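J.: So the sequence lines, in the order shown, correspond to chains A and B. The opening position of the first sequence corresponds to residue 1 in the working numbering, with each subsequent residue numbered one higher. The opening position of the second sequence corresponds to residue 1001 in the working numbering, with each subsequent residue numbered one higher.
In case anyone wonders, no lab produced these hints; they're calculated from the structure. Remember, it's a predicted structure, so these values are computed and weren't measured experimentally. Hints are not guaranteed to be accurate.
Stated by the list, open to error - Some, not all, of what chain A presents toward chain B, calculated at C-beta under 8 angstroms:
hint: 1; residue: Leu20
hint: 2; residue: Ser62
hint: 3; residue: Gln120
As the list claims (entries may be wrong) - Taking lysine to any residue and the SDA-like style, the derived pairs with C-alpha atoms no more than 25 angstroms apart in a straight line are:
hint: 4; chain 1: A; residue 1: Lys10; chain 2: B; residue 2: Leu1052
hint: 5; chain 1: A; residue 1: Lys233; chain 2: B; residue 2: Tyr1051
hint: 6; chain 1: A; residue 1: Lys188; chain 2: B; residue 2: Arg1090
hint: 7; chain 1: A; residue 1: Lys166; chain 2: B; residue 2: Thr1142
hint: 8; chain 1: A; residue 1: Lys166; chain 2: B; residue 2: Leu1052
hint: 9; chain 1: A; residue 1: Lys245; chain 2: B; residue 2: Val1026
hint: 10; chain 1: A; residue 1: Lys10; chain 2: B; residue 2: Thr1137
hint: 11; chain 1: A; residue 1: Lys188; chain 2: B; residue 2: Phe1140
hint: 12; chain 1: A; residue 1: Lys10; chain 2: B; residue 2: Arg1050
In this text, a Cβ means the ideal position worked out from N, Cα and C, and glycines have one as well.
Okay, here's what each chain looks like letter by letter:
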Amino acid sequence: MRSLLRYLLKNYAFLLFLSLEVFSFILIFNFNSYQKAQYLNSSNQVTGTVYNTYNAVERYFSLGSVNRKLAGENARLKSLISDLPFIRVTPYSVVMKAEVTDSVYRFNSARVINNSVDKQNNYITLNKGRKHGIKPDQGIVNSEGIVGVITNVSESYSLGFSVLNKRWGASAKLKKSGTFGPLSWDGKDSRFANLTGIPFHVELEVGDTVVTSSYSSVFPEAVMIGIIHSFEKPAGENYYNISVKLSVNFRALSYVDVVENLKKDEIKALESKKADDPDNQ
Amino acid sequence: MIRIISKYVFMFISLVLVQVLIFNQVQFSGFFNPYVYLLFIILLPLSAPRYLVLILAFLLGLIIDVFSNSLGVHSAATVFAAYARPLVIRVISNREDDKSDYPGLHQNKLIWFVNYVLIMVLLHHTVLFYLEVYTFTNFFNTFYRVILSSLFSIIIIVLSQFLVFKDS
């Protein structure tokens, strides 16, 4: 017993090393279920404040391009608004009723205070949080297309997966044929993502538009994702490998809109009811 | 003693800020991700107790993790580098040399310091990048990222010794 103790005491550094490594690995494994790690991410108050303070200085350098984009989007929206008689403007957001999909989306503007593109799993930190009505599983879009989805929310900041994150994929479809498939990112190039699940009988062309499908309650239908950059037919498989050039420039994100689906709870309740029903198994 | 502790506290905070606000924002390709915060572990006194080095390494890694949303990855890599530090120093040092307690550039020969930084950064970055991609497929792609990012980190760390840490 005493020799065991002496051995442990002599090798305490190794044991400490081992336990710290084990602890780190537990953190790595658990972070996959990201909802659990509520405070250890960049949406918490301290890191959020650091990024926000820094961004308050840094954003002056991109004012020119932000202005240009906002002016462009303004013009586009003005031309849209004249076509839509049923639009209603509230103090800080626009409630848009789209007759086609019969769901109601509210857009909430936010500023990106931290963003990475070169990691294997990239995240976006926004300067709005729970008190502004942001909740997990809301989509993030900007005027160019889809950006990501909210995962964690603190009082005044929020964190989301960007499209450039291997842990998340959007549901996409081809605008021309309506065929849908999952969009995923392989961790290599921030300009391209992969679309799979499109069978060989669908005719493709380079330059075809890829948009969001109507099967997810995160994004409105037909929000721009990108265009087909290249595709190939892998031997022995039934689906194309499609490389999609993303329409959003992730290196220059400044302002984004968080999309809230006001009918989401209703859809979810209905779907869980269907799953419980034994006749439907 | 107080002077030394406050110096390291200042170094800890400024390296974290420099890492998350400047070097994490370097985005000209996925192949260059310099991680210079390891300099803190590199410059700890050689006589510092091992448990302290390990715990500081864990804390440093964890803080970087929280800022970059990669929980556990940086802490695992930094603890690994911190544990390997005494072995690295033993391997590259001559027994006859009179070693200074502070492993900085000006207290040691340039070639010794570069060797020391090179091995430490390579160990740290190898663990870090493979843990980050979490797979050995695309082994060589990750390998290039390790090599290029390490080169970048080493150059920045050695240059910082000439510019920032001149008088210490």
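J.: All hints are to be evaluated individually against the structure, with a verdict given for each.
T.: Each hint tested on the structure:
no.: 1; hint: Leu20; result: holds (5 angstroms)
no.: 2; hint: Ser62; result: violated (13 angstroms)
no.: 3; hint: Gln120; result: holds (5 angstroms)
no.: 4; hint: Lys10(A) with Leu1052(B); result: holds (16 angstroms)
no.: 5; hint: Lys233(A) with Tyr1051(B); result: violated (55 angstroms)
no.: 6; hint: Lys188(A) with Arg1090(B); result: violated (38 angstroms)
no.: 7; hint: Lys166(A) with Thr1142(B); result: holds (15 angstroms)
no.: 8; hint: Lys166(A) with Leu1052(B); result: violated (36 angstroms)
no.: 9; hint: Lys245(A) with Val1026(B); result: holds (22 angstroms)
no.: 10; hint: Lys10(A) with Thr1137(B); result: violated (39 angstroms)
no.: 11; hint: Lys188(A) with Phe1140(B); result: holds (13 angstroms)
no.: 12; hint: Lys10(A) with Arg1050(B); result: holds (12 angstroms)
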